[in-house]
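Student: Keeping the supplied structure of chain B fixed, place chain R upon it in accordance with the hints.
Going line by line, the protein sequences match chains B and R. Per the working numbering, residue 9 is the first one in the first sequence, and the count goes up by one each step. Per the working numbering, residue 2 is the first one in the second sequence, and the count goes up by one each step.
Hints are supplied without guarantee of correctness; some may be wrong.
[What the hints assert, rightly or not] Below, simulated DSS-like cross-link-like pairs (lysine-lysine); rule was C-alpha separation at most 27 Å, straight line: (1) R/Lys331 / B/Lys295; (2) R/Lys104 / R/Lys81; (3) R/Lys277 / R/Lys205; (4) R/Lys129 / R/Lys45; (5) B/Lys291 / R/Lys138; (6) R/Lys258 / R/Lys331.
[Said to hold, decoys possible] Chain B residues, not near chain R, derived (Cβ > 12 Å throughout): (7) Ile38; (8) Met44; (9) Glu45; (10) Asp131; (11) Asp149; (12) His190; (13) Asp229; (14) Leu231; (15) Ile240; (16) Ala243; (17) Leu252; (18) Ile283; (19) Val299.
[As the list claims (entries may be wrong)] Residues from chain B that keep clear of chain R, each with C-beta distances beyond 10 Å, as calculated: (20) Phe15; (21) Trp65; (22) Gly111; (23) Cys148; (24) Glu249; (25) Glu269; (26) Asp288.
Source of the hints: derived by calculation from the structure; they are not laboratory data. All values derive from a computational prediction rather than experimental measurement. From the three backbone atoms N, C-alpha and C, an ideal C-beta is built for every residue, glycine too.
Here is how the chains run, residue by residue.
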Amino acid sequence: MTGTPTFNSKTFQGLILALQNYWSEQGCIILQPYDMEVGAGTFHWATTLRSLGSKSWNAAFVQPSRRPADGRYGENPNRLQHYFQFQVIMKPSPPDFQDLYLGSLAAIGLDAASHDIRFVEDDWESPTLGAWGLGWEVWCDGMEVSQFTYFQQVGGFDCNPISGELTYGLERLAMYVQGVDHFQQLVWNEPGTSRSKTYADIYLAAEQQFSAYNFYYADTDILLRHFADAEIECAVLVGAELPLPAYDQCIKASHIFNLLEARGMISVTERAAYIGRVRDLAKACAKAYLVAEGELVEEMA
Amino acid sequence: MSDLLLELFGEEIPASMQARAAKDLKRLVCNSCRVANLPFETAKAYVTPRRLILHISGLPMAQTDAREEIRGPKVVAPDKAIQGFLQGNGISRDQCEERELAKGVFLYAIIQHQGRPTMELLAEILPKAFADLPWPKSMRWGSGATRWIRPLHSILALFDGTVLPLTFAGINSGIQTQGHRFHAPASFDVWGFADYRDKLAAAKVIIDPDERRKTISEGARRLAREAGLTLVEDDGLLAEISGLVEWPVPMLGSFDKRFLDVPSEVLVTTMTVNQKYLSLRDAEGDLSPHFIAVANLEAQDGGYQIIAGNEYVLTARLTDAEFFWNQDKKKSLASRVPALNEVVFHAKLGHLGDKVSRMEKLVTELAGYIPGADVERAQRAAHLCKADLVSDMVYEFPELQGVMGQYYALNDGEPAEVALAIRQHYSPAGPMDDCPSEAIALCVALADKLDIIVGFWAIDEKPTGSRDPFALRRAALGIIRIIIENNLRLPLKNAFALAQDAYEFSGAPDSSLLDFFADRLKAYLREQGMRHDLIQAVFSLGGEDDLVRMISQVHALEKFLASEDGVNLLTAYRRAANILRIEEKKDGLTHNGAVHQGLLQQKQEFDLAHALGFAADQIDGALASEDFAQAMTAMAGLRPSVDSFFESVTVNTEIDGLRGNRLRLLSGIRQTLHKIADFSEIEG
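Just chain R, same shape as in the assembly:
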């Protein structure tokens, strides 16, 4: 059993692509090994900014030999047949065995397939895997024709302790690599994985990204603790930083307290997004004028110049931010609104100024569906919600849209709820993002998303497959979450119609829009742990676009089906539905008509007919008042008469009139239950 060690060493791979590249390399090589009948014990990929590494252990030295036996003609067969058999299999007569079977003595060709050496197979597999590695973007360099993420410098390929000769991108493999760019640039030989890992660690390169992340996280925490501060957790940033360094050295720096007057979101964005610094909080939980930068080396001067340099850069950036903050505050948000007429929303849907006018109209109507929403304030919030897009700060930091709007609105003396609505109207931006909950914010957040989705639907920019350039799925999910999480009684069709009116589109949107929402809703509810079959059962009734009502109904149904009555009634339903299905097929007609009282004979038939009528009335009443528990109780009330009907009444009698009437009774069961849900969709 032997190990393969592979290192592709080159110029800096973008941090965001490293993990994926390591995974892809491992997948491609492992798949090829499986296809080539090369079993292995473990495979693990590592990655640093400058290297892509794969270690596979427990590979055989060669494929296993295989022996194949092929039965040929009888020994006594004509010579022509025997020659044909020998030639067909490329063997000579003495390579055949004679075996006595019941029907005579036969020739057997014994073919030995000798397994090819692993070394030879890997030399074919690996360059192909490199060439197939799917980089999001790739490039050529120098005079070469190979595409890779950035120029590649050397390939270390070691199998069973010796060089595995291969060529890729004009580079011949070897057994050498080099250490940290500045600490240990000299090349050295490598003899195996442990040797590689240890020599690189000594040469100030940690090959495992998880280990680098841990080093950063622990080092940063220690620095924070020593300064009496706590680290602001940011896993995404930690992962990114560990993709920017081979030898992480966290360092604590500080900035002038005066910058704390600038909104903390701006400071944090500058530190984390622009500078890749970790930010810190003081004992009170407020942002501290400190940061942790992660350098890629242990500086000769102890890091003095590195810290000073980073502080200098951060100061310059924060000075800019402070300048934007002070400049922006000189103009009110309201005075910026006209400038939105210059910013295109979409070529076919007008400018942002048009969008704002539509949203003002839309919130006026939506406010009626949102308890406690003040129409004037909703209009004000809609009017101002996009104005920060033309501020200097948002131009520099687009990710602060909304956030800056809130600050500027408060600075202008706008009501707090208007300012909050400006901040939150883009929310929820994804399944994990918080949903707004204040009335005005709900109005504006809904208006923003309805305007997007109805608009793009109308110009036929619908999402297809993985393509969703205008993030319509996210907008739909946002609407669904806002409605459900805030128990809003806003039927979707009404919402669409209002957005259509704001656009001055005529008619209703294409029916595919409601289907699109239905799909998003089902996916969302499934993630919330709701039974998809029950959702489907309620959905199949059609026409339900009040999400809150629909969910209560699903919940009540779920509870009912968990009860003994529920289980029993479901069984009875299926029995009735089965009989109907078979008989209706036989008859070629449905039996949905009214039951004839005059054809009822047995007591159990009278009971069932009466119970069905009674239950139907009760269910209708309960549904009208949205008392779903009551509707379930009414359904449960059917159980005794349904049970005794099945026990005592024979549906398929010879008397045709009676049979039809009894089938109509069964159909009555089906129809009554379908007032609540399509029970045929229920599983289990």
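Chain B on its own, in the form it takes in the complex:
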């Protein structure tokens, strides 16, 4: 055995590699991102669906995430419409989950002897997923570096056993570790070499173009149609006892809803109704998943 490889967590990719390496050493499967447009890592089936049922499950992965309404054409120092989250899910939540988490901060160079690390109450709820949990936001020197949640319910079903979920906001964490005050300045790789790229080199054009798309060009008629299509297809797939493809459609509907909202197409009253429609899909998927897993006996109508 050679020693643990070290990663330069003062680069964006080094930070990801350090986290992946650390969580892999803690027994997590290192998964790849979900190939759907999602608002947060929590929407990955590896988090939502796998937190249901009785089987143990430990996984970690990067999830590119989209929040269309947060687009600022790349100008705001820390608001992006496309960003990265690092997710860890452990089921059942291990008794030393907090310590494991603190170990991950040490692995990226945040030494607890010189930094002020705190767990500050912050409960989590996702009305679109019919999910909630209790936990904290973790502060390092006054900055929120992670979200730490014990899932209690997903898709309207009680979790048993309970999963522990960690979410690291990678841009913010990297900015802090690198000591820069705008995401554009983040060093992605090999600082000081001719191969080095910044976050702006890679993603600024996308931020600018997608902001324009999200706010002006997304065709709302098409989106409304897509939403309805996804909703129908999800229901059909649930009926066919295919919860995984059904879940894709549920997530698609959720993202389209976010786009419609960014386009200012959803009034406050309609908003609740749309969220309710996506939640119904999520609940149906969760139920179908549990049935397919043999964890729930479907009542005959």
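Tutor: Quick look at chain R alone, frame taken from chain B:
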């Protein structure tokens, strides 16, 4: 006598729930000890983010033994009776004593109840208390079924210096705990409360929240003094911070002066609400570009990285705030008003845009009741008062609603009183909050609250018990305080009618609305130290909805009742009322009719009849001109004739006509006094 020490150690308990949890744990355990006949000397609970601690001193080692004696049958009773007695009490014949009483020799069963050991009782009491602890929210973790606020890791339970064995949440109790998460994570044994407290202090954990608060407050004050600054006092924030740390270390940081161009309320909110920093003022009393962060450890590098990190975070947040401030100023408040048509006020009461239109109508009418209120300015303020809700800054910092509106209005060149009204129209937000006092602000603040209360009343969303989701009690109290503190002559019924008109509701609101206000008013006046019986006495007359007039009347009455005439007249009133009550019951009819002059016989009767007529006229006149002192004087003028009437005239004569007429004279006393207040409600 022995001590119990208990520590429930786990993951971070939310700061806002700690004090309550400590109190509840103490209450539950102490109550169970009392029920189990386990007396104790002292009980004190402590709490830190990671531990809930209870120390009870002076517990006995066991319940006291009890001896019970039960008298049985006579020794000479049939064997069957004796056997029945022995079996019934589960004893044998030789456990009985024979005692000679007057009626013979009886058997006495002597039963010794041996007290159970405290250790054994506590092992039953404690897990039950833990399970009963009422957390506002609770959760499960891992594969367990127990609910607690956050995962629990260990339980230290010590009684009389040894482990008290118990199990909760799958955890067996022990005698170990651990210190500060980063400074002293190793486990160690504990042998008693003092040992526990001292070892934890050495392991950088202060168990007493008050002590932590003091450490923070003193440390912060020292840092401020050294920098030539003063600390902005904020007890709530201090309490919250002391619930976030086990080993508080205050540190001074700073931010760029350029952010001082952003309204200070925004800076303070960012620091205190988002970052839990204490803010500071300079010698001139202006906000200083400094803050005090309270860390949870003594950093190896002396805190350099912690301060730098906190400054970095604050700078990022203030940059956001500065951005919102500059962006928001580019759009006038007036141009934001149409966007309120998109924001729902309540599904049944329309959008905020509708509410604003109603308030514009309402202030137009209310201005007539508020001296010095310019109608156009009141309308302008009502028009703009909600527009900041759709600004970026208020979206980010909802608690700055109104405050930002004032800044933006001034920036738009709106008149200062309009801007002030926008800021103050949510006030007073509670019993301790300041009440507005400027005319335009009064109009808009009243309109906002009347619209809420009349609207929710109409859709039957009235508060019930502790449920008041739309804060209608607060709105009612706000209206009451605005009227009283500013001496506004705005009768409540008129105010309700105006709000009804603005909604285009027909008719008057449900009469329960006035009762609801009456209850809030009585509660408020009681808190102000007014006699509740006098309030009730004036209230009972019914129909009074002019709060200012009602209060003057109560004050005048209070003064009158403190005088000799008042005391005397109250006695006379009660005498008259008592006689009437008895006689009217006997007769089955009231004697409220007019006195017949022809049936008056004695001089004292003529005097009283005349005095009553005179006083009634005077009181009516005084009340009409709201001269309550004069009304009291008129009442006092009755005293000599009332006194001499009672001295010389016999009411219950045999002559029926005379008796009825005299009862009518007494009723005259009652009726005349009731012009001012229902004297039967007065106590003492």
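Student: State for each hint whether it applies.
Tutor: The hints, checked one at a time:
A C-alpha spacing of about 50 Å is found between lysine 331 of chain R and lysine 295 of chain B, which places the hinted pair above 27 Å, so the restraint is violated. Between lysine 104 of chain R and lysine 81 of chain R, the direct Cα distance comes to roughly 20 Å. Compliance with the 27 Å bound is thereby established for this hinted pair. Proximity of lysine 277 of chain R to lysine 205 of chain R is assessed by CA-CA distance (about 21 Å); at most 27 Å being required, the pair is judged to hold. Restraint check for lysine 129 of chain R and lysine 45 of chain R: the C-alpha separation of about 19 Å stays at or below 27 Å, so the hint holds.
With a C-alpha separation of about 23 Å, the suggested pair lysine 291 of chain B and lysine 138 of chain R falls inside the 27 Å cut-off, and the hint holds. With a C-alpha separation of about 23 Å, the suggested pair lysine 258 of chain R and lysine 331 of chain R falls inside the 27 Å cut-off, and the hint holds. For isoleucine 38 of chain B, the non-interface assignment is confirmed: its Cβ lies about 23 Å from the closest Cβ of chain R, beyond the 12 Å cut-off. Even its closest Cβ contact with chain R, about 29 Å, leaves methionine 44 of chain B beyond 12 Å, as expected for a residue assigned away from the interface.
With a minimum CB-CB distance of about 25 Å to chain R, glutamate 45 of chain B clears the 12 Å threshold, and the non-interface call stands. The Cβ of aspartate 131 of chain B does not lie farther than 12 Å from every Cβ of chain R; its closest approach is about 7 Å, which violates its non-interface assignment. Against the 12 Å criterion, aspartate 149 of chain B falls within the reach of chain R, whose nearest CB is about 3 Å from its own CB. At roughly 10 Å from the closest C-beta of chain R, the C-beta of histidine 190 of chain B falls inside 12 Å, breaking its exclusion from the interface.
The Cβ of aspartate 229 of chain B lies farther than 12 Å from every Cβ of chain R, with a closest approach of about 20 Å, so its non-interface assignment holds. Look at leucine 231 of chain B: its CB is around 19 Å from the nearest CB on chain R, clear of 12 Å, so calling it non-interface holds up. Here isoleucine 240 of chain B stays apart from chain R, with its beta-carbon at least about 28 Å from theirs, past the 12 Å limit. For alanine 243 of chain B, the non-interface assignment is confirmed: its Cβ lies about 28 Å from the closest Cβ of chain R, beyond the 12 Å cut-off.
For leucine 252 of chain B, the requirement that its beta carbon stay farther than 12 Å from each beta carbon of chain R is met, with the minimum near 26 Å. Separation of isoleucine 283 of chain B from chain R is adequate, the least Cβ-Cβ distance of about 14 Å exceeding the 12 Å criterion. Distance check on valine 299 of chain B: its Cβ is at least 22 Å (rounded) from any Cβ of chain R, clearing the 12 Å threshold; non-interface status holds. With 10 Å as the threshold on Cβ separation, the claim that phenylalanine 15 of chain B sits away from chain R holds: the shortest Cβ distance comes to roughly 21 Å.
The non-interface label for tryptophan 65 of chain B is consistent with chain R: the shortest C-beta to C-beta separation is roughly 13 Å, beyond 10 Å. Look at glycine 111 of chain B: its CB is around 13 Å from the nearest CB on chain R, clear of 10 Å, so calling it non-interface holds up. Its beta-carbon lying about 7 Å from the closest one in chain R, cysteine 148 of chain B breaks the requirement of being farther than 10 Å from that chain. Under the 10 Å C-beta cut-off, the non-interface status given to glutamate 249 of chain B relative to chain R holds; the minimum distance is some 28 Å.
Distance check on glutamate 269 of chain B: its Cβ is at least 12 Å (rounded) from any Cβ of chain R, clearing the 10 Å threshold; non-interface status holds. Annotated as non-interface, aspartate 288 of chain B keeps its C-beta farther than 10 Å from every C-beta of chain R; the closest such distance is 20 Å.
Figure legend: structure checked against the earlier numbered hints; hints not met, in rising order: 1, 10, 11, 12, 23.
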